[in-house]
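Chains as they are written, first to last, in the numbering used here: chain A, 1 to 328; chain B, 1 to 299; chain C, 1 to 367.
It is possible that some hints are incorrect.
Said to hold, decoys possible - For each label pair, taking beta carbons as the anchor points, the in silico distance ranges come out as:
no., chain 1, residue 1, chain 2, residue 2, range
1, B, Arg-125, C, Glu-364, 41 to 47 Å
2, A, Ser-12, C, Met-106, 16 to 22 Å
3, B, Gly-188, A, Leu-19, 34 to 40 Å
4, B, Val-27, C, Gly-123, 56 to 62 Å
5, A, Val-18, C, Gln-113, 46 to 52 Å
6, C, Arg-58, A, Val-18, 38 to 44 Å
7, C, Ser-237, B, Ala-283, 46 to 52 Å
8, B, Gly-188, C, Asp-22, 56 to 62 Å
9, C, Gln-113, A, Phe-29, 30 to 36 Å
10, A, Ile-26, C, Glu-95, 49 to 55 Å
Claimed, not checked - Sample of chain A residues with no beta-carbon within 12 Å of chain B, all distances over it, derived:
no., residue
11, Ile-24
12, Val-25
13, Val-35
14, Asp-36
15, Val-84
16, Phe-91
17, Thr-94
18, Ala-160
19, Ala-191
20, Glu-235
21, Arg-240
22, Arg-241
23, Phe-266
Calculated directly from the structure, the hints in this document are not laboratory data. No residue lacks a Cβ here, since even glycine has one placed at the ideal position from N, Cα and C.
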Amino acid sequence: MANTENLFRVLSAIAAVVLGSGGIVILFFAANWLVDRLPKNIRPRVLPLVYLAPAVLLLFIYLVVPSLRTFYLSFFDARSQNFVGLANYLFAVTDRGMLIAFRNNILWLVLVTGISVGLGLIIAVLVDRVKYEPLAKALIFLPMAISFVGASVIWRFIYAYNPPDSPQIGLLNAIIVSLGFEPVGWLVNRALNNFALIVIMIWLQTGFAMVLLSVAVKGIPKDVVEAARIDGASELQIFRRITVPMISSTIVVVSTTIIVAVLKVFDIVFVMTGGLLDTDVIASRMIREMFNFRHFGRGSAIAVILLLAVVPVMLTNIKRFRQQEATR
Amino acid sequence: MTTLPRRRHGSNKFMDRLEQALTSAPVHIAVIGIAVLWTIPTAGLLVSSFRYREALTQTGWWTVFQEPLNFAQYHLGNYVDVLTSQGMGQAFLNSLVISIPATIIPIFIATLAAYALAWMHFPGRQILFVSMVALLVVPLQMTLIPVLRTYNLLGLAGTFLGVWLAHAAYGLPLGIYLIRNYIGSLPGDLIEAAAVDGASHLKIFTRVVLPLSVPAIASFAVFQFLWVWNDLLVALVYLGGNQNVAPVTLILRNLVGDRGQDWHLLTAGAFVSMIVPLLVFFALQRYFVRGLLAGSVKG
Amino acid sequence: MANVVFEQVTKQYENGYTAVKDLNLNIGEDEFLVLVGPSGCGKSTTLRMLAGLESISRGNLLIDGRRVNDLSPRERDIAMVFQSYALYPHMSIFENMAFSLDLQGMPKPEIRQRVLSAAKQLGIEELLDRKPKQLSGGQRQRVALGRTIVRDPAVFLMDEPLSNLDAKLRVQARSELSRLHQKLGTTFVYVTHDQVEAMTMGNRIAVMNKGILQQVDTPENLYNNPINLFVAGFMGSPAMNFFQATLQPHDDGLCIAMESLQMPVHADQISRYAPSKGKSITFGIRPENIYSPQYAPPGINPLSVKAKVIMVEKMGHELIVYLTLPDNQEFVARVDPRANYTPGDVVEVLFDRNRFHLFDRETEYAL
Chain A
1 MANTENLFRV LSAIAAVVLG SGGIVILFFA ANWLVDRLPK NIRPRVLPLV YLAPAVLLLF
61 IYLVVPSLRT FYLSFFDARS QNFVGLANYL FAVTDRGMLI AFRNNILWLV LVTGISVGLG
121 LIIAVLVDRV KYEPLAKALI FLPMAISFVG ASVIWRFIYA YNPPDSPQIG LLNAIIVSLG
181 FEPVGWLVNR ALNNFALIVI MIWLQTGFAM VLLSVAVKGI PKDVVEAARI DGASELQIFR
241 RITVPMISST IVVVSTTIIV AVLKVFDIVF VMTGGLLDTD VIASRMIREM FNFRHFGRGS
301 AIAVILLLAV VPVMLTNIKR FRQQEATR
Chain B
1 MTTLPRRRHG SNKFMDRLEQ ALTSAPVHIA VIGIAVLWTI PTAGLLVSSF RYREALTQTG
61 WWTVFQEPLN FAQYHLGNYV DVLTSQGMGQ AFLNSLVISI PATIIPIFIA TLAAYALAWM
121 HFPGRQILFV SMVALLVVPL QMTLIPVLRT YNLLGLAGTF LGVWLAHAAY GLPLGIYLIR
181 NYIGSLPGDL IEAAAVDGAS HLKIFTRVVL PLSVPAIASF AVFQFLWVWN DLLVALVYLG
241 GNQNVAPVTL ILRNLVGDRG QDWHLLTAGA FVSMIVPLLV FFALQRYFVR GLLAGSVKG
Chain C
1 MANVVFEQVT KQYENGYTAV KDLNLNIGED EFLVLVGPSG CGKSTTLRML AGLESISRGN
61 LLIDGRRVND LSPRERDIAM VFQSYALYPH MSIFENMAFS LDLQGMPKPE IRQRVLSAAK
121 QLGIEELLDR KPKQLSGGQR QRVALGRTIV RDPAVFLMDE PLSNLDAKLR VQARSELSRL
181 HQKLGTTFVY VTHDQVEAMT MGNRIAVMNK GILQQVDTPE NLYNNPINLF VAGFMGSPAM
241 NFFQATLQPH DDGLCIAMES LQMPVHADQI SRYAPSKGKS ITFGIRPENI YSPQYAPPGI
301 NPLSVKAKVI MVEKMGHELI VYLTLPDNQE FVARVDPRAN YTPGDVVEVL FDRNRFHLFD
361 RETEYAL
């Protein structure tokens, strides 16, 4: 019985995959066939529509219209019934919980970006000189493939806390206890819990920074470095005065990308602490306003604030990236 | 290395090598140290997922290395448990059902749009391209509430179709950006040669552009697949509490919430959720890096 | 086989730039017509309009009497060889050559037979399973050609198909193309910036400059009777020498007068140039019509000119000598390799008075 049920499940899964993927393809070919039946002179004008319509429609339905709607809703109350002016924004910048979220977000931004990029850069330069470079890079890069939820479980295990008398199964507390200290409640202690979460994000993002920076480092012409050596520069001077300036645009692109990722991260907080104990960030706070407190006005207002924070970063990013492309 | 100034003359090769080893030792230590540090959390999880429930709560996972070849301390029970009784098996299927179409649909749509934006002549095509890419700045949080309300009205909340379309739309700006740039850089002569050879736009697209764009499509595919598989937010919001359609991320996060101290379930569950992205990562790392390189503007 | 007619064809881009202006050109059936000119002269645009890759702003384009302005490339029965060859990198050579036939829906056995016969003609049968990447430049060029032959089109279009070959291969490919044209007897329209290619291959050559057709004629006529200063200067290498001069009365006849040189016009030609008496003119003579006195062939009508040697290039089969007149006008001579010239010497050279060209300095047209 269980077997046939499982078989049924797998079969329906396959059917869903085929239907979902194939449907759009069939739609396209049908549309193309129809256009081919049109009079010749209008065909060239209709054809681009067939190619572009699915993309334009999806983007409109899922991104453009909802964003405008969210902006509109941010001026209304919890149930989106009464206009409340800027009250939600006022809440967002005065509420104690929100202020803590802002403070945390700044902490996240500075630490994650700074450490991931800095460490990534150092690894990128070091790894260039060892023979087992691909392996080392793959290991450091690997967390990129792991979901925030998966990473949260991994680190919950690292941070696990048992009372002082019982054996510690969390690696971090085991080390601390073996050094003779009391075990620490990493995720509970308000002075530490934010940093504990930030470490997870650093663990996830450093590989990304390293891979991109490594490509940039390898792009530096060998003769420039050799010229500097002949000019008498030490390895550290080469790093500071040749390597870093020459890959500065990549550093900016990587940093901004990480900044945007940090601004939008909610999963880690959501899974690890649920935003309790002063660990909220803007994005997790927004989800809580929406789904726990059911205050759509506030949730929308926070989303708008998030957009406002992302836009300038993304613009610099795209601009820098295009420059980099152009000079490549 | 030949350009290195030689400080000592007449010293023998052994001394040179020793000196080189000594100066490069810190580099090796740093690289290996970081690589190990970065691997320990995942390795610990992997080891733990095979340990018995009682052992997990009483001793640290590193204690297995006291006698690593004692296979009695390992078993597959946690996996059996989490896959059957905790719904992880169904969730694994669900994740596949969600991820595959949610990857293929935006690839197809983005490639079509990219072709039109690169090689068809119509007014306003540059503006259209720029505005599509500009949507990269919109955090998807901006769209959650209105889309969810519409879904509730249409009965799309809690359905695969709803998640497919949402993921497809969210992935489009990046996909169009990546693939349009690639297709646009194909030699114009090729497209024109195909036109002279008698190919219609459909034939140029399917027989020339599509096969040549495989590298860009592959890197976007890896990107989008990992993104969808690892996603929690979209699944959480649009699938809600419907356990029948929940992907692994959602089930895992519920496990953390409900069974937070059941490490035997959490560790095995986390690994089930990670196995596919890890395989994809190792098999297609090349494309993943290329996608990152081109797509490091994704917001 | 088809004739091609351009009637008042103009190409103007959206930004206002006119690439081709009022082009009138009649290309006969089975003709090998070469479009030649410096880069940016509109020759490629002309070819691309004929191919249907570029829209036509004004005028009519007829293939075999049918107006094709609004037809897409695939409806025009043309085939084209691109400068870059534009071979499809993901297809084998066979698939490259079969692609257009396949698109027409031709049955597989017939495709196979056509591709094999074209490949045999070009000597590329053993390459059919390879990918373009694995081929040398010369082989790719043949494949690009083969791709057009299999289609048996009404018109062959070629956009600088030899410019990516090295010098030796290019010479060989030139004669092969000429032979192919003779065998197929189809209309060829060939674009190049290389006047040697134009001279050696074309039945007729159309010279273009700045979007305007200058002259269409056989290679001999173009060389001997260039219609204006541009054509005279463009055809021939090294280029024709030009001197500033005036056409003055001289005894009963005329004389081409320069600061340091007087050259009476031959009696037979006085009537031709008489109407231009007194005008400012440009006097042109080709380097190959200037001789070293010891090695001058009989039958020329020599005019002795004193000039100073600036530089000598020894080509083996000839010498290219750069000289200046006392008034500092520079010119080039192609002389017998046995002649001996040293830079700095003042020497005597002979201009052939039967082989010169005169142009109105204002209109630049030949007199």
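How the hints compare with the structure:
1. Separation of Arg-125/B from Glu-364/C is about 43 Å and conforms to the stated range, judged on CB atoms against 41 to 47 Å.
2. Restraint check, Ser-12/A to Met-106/C: a C-beta distance of roughly 44 Å breaks the suggested window 16 to 22 Å.
3. Checked against the given bound of 34 to 40 Å, the beta carbons of Gly-188/B and Leu-19/A, roughly 37 Å apart, stay inside it.
4. In this structure the hint that Val-27/B and Gly-123/C lie 56 to 62 Å apart at CB holds, the actual value being about 57 Å.
5. For Val-18/A paired with Gln-113/C, a C-beta distance near 40 Å fails the hint of 46 to 52 Å.
6. Taken as a hint, the range 38 to 44 Å is violated for the pair Arg-58/C and Val-18/A, whose Cβ atoms sit roughly 53 Å apart.
7. Between Ser-237/C and Ala-283/B the Cβ separation comes to about 59 Å, which falls outside the hinted range of 46 to 52 Å.
8. Distance hint for Gly-188/B and Asp-22/C: a CB-CB separation of about 27 Å, inconsistent with the stated range 56 to 62 Å.
9. In this structure, Gln-113/C and Phe-29/A meet the distance hint of 30 to 36 Å, their C-beta atoms being roughly 32 Å apart.
10. Between Ile-26/A and Glu-95/C the Cβ separation comes to about 27 Å, which falls outside the hinted range of 49 to 55 Å.
11. Non-interface status of Ile-24/A relative to chain B is broken: a Cβ of that chain comes within 12 Å, the nearest being about 5 Å off.
12. Consistency note on Val-25/A: stated as away from chain B, yet its beta-carbon is not over 12 Å from all of that chain's, at 6 Å minimum.
13. Against chain B, the non-interface label of Val-35/A is violated: not every CB pair exceeds 12 Å, the least being about 9 Å.
14. With a minimum CB-CB distance of about 8 Å to chain B, Asp-36/A fails to clear the 12 Å threshold, and the non-interface call is violated.
15. With a least beta-carbon separation of about 16 Å from chain B, Val-84/A lies farther than 12 Å from that chain, consistent with its non-interface assignment.
16. Distance check on Phe-91/A: its Cβ is at least 17 Å (rounded) from any Cβ of chain B, clearing the 12 Å threshold; non-interface status holds.
17. For Thr-94/A, the condition that its CB be more than 12 Å from all CB atoms of chain B holds, with the nearest at approximately 21 Å.
18. A beta-carbon of chain B comes within 12 Å of the beta-carbon of Ala-160/A; the shortest separation is about 8 Å.
19. Non-interface status of Ala-191/A relative to chain B is upheld: no Cβ of that chain comes within 12 Å, the nearest being about 22 Å off.
20. Glu-235/A, annotated as away from the interface, has a beta carbon of chain B within 12 Å; the closest lies near 9 Å.
21. Remark: the non-interface label on Arg-240/A is consistent with the geometry, its nearest Cβ contact in chain B lying 17 Å away (cut-off 12 Å).
22. The non-interface label for Arg-241/A is consistent with chain B: the shortest C-beta to C-beta separation is roughly 18 Å, beyond 12 Å.
23. Look at Phe-266/A: its CB is around 7 Å from the nearest CB on chain B, not clear of 12 Å, so calling it non-interface is violated.
This entry does not satisfy hints 2, 5, 6, 7, 8, 10, 11, 12, 13, 14, 18, 20 and 23, going by the numbered hints stated previously.
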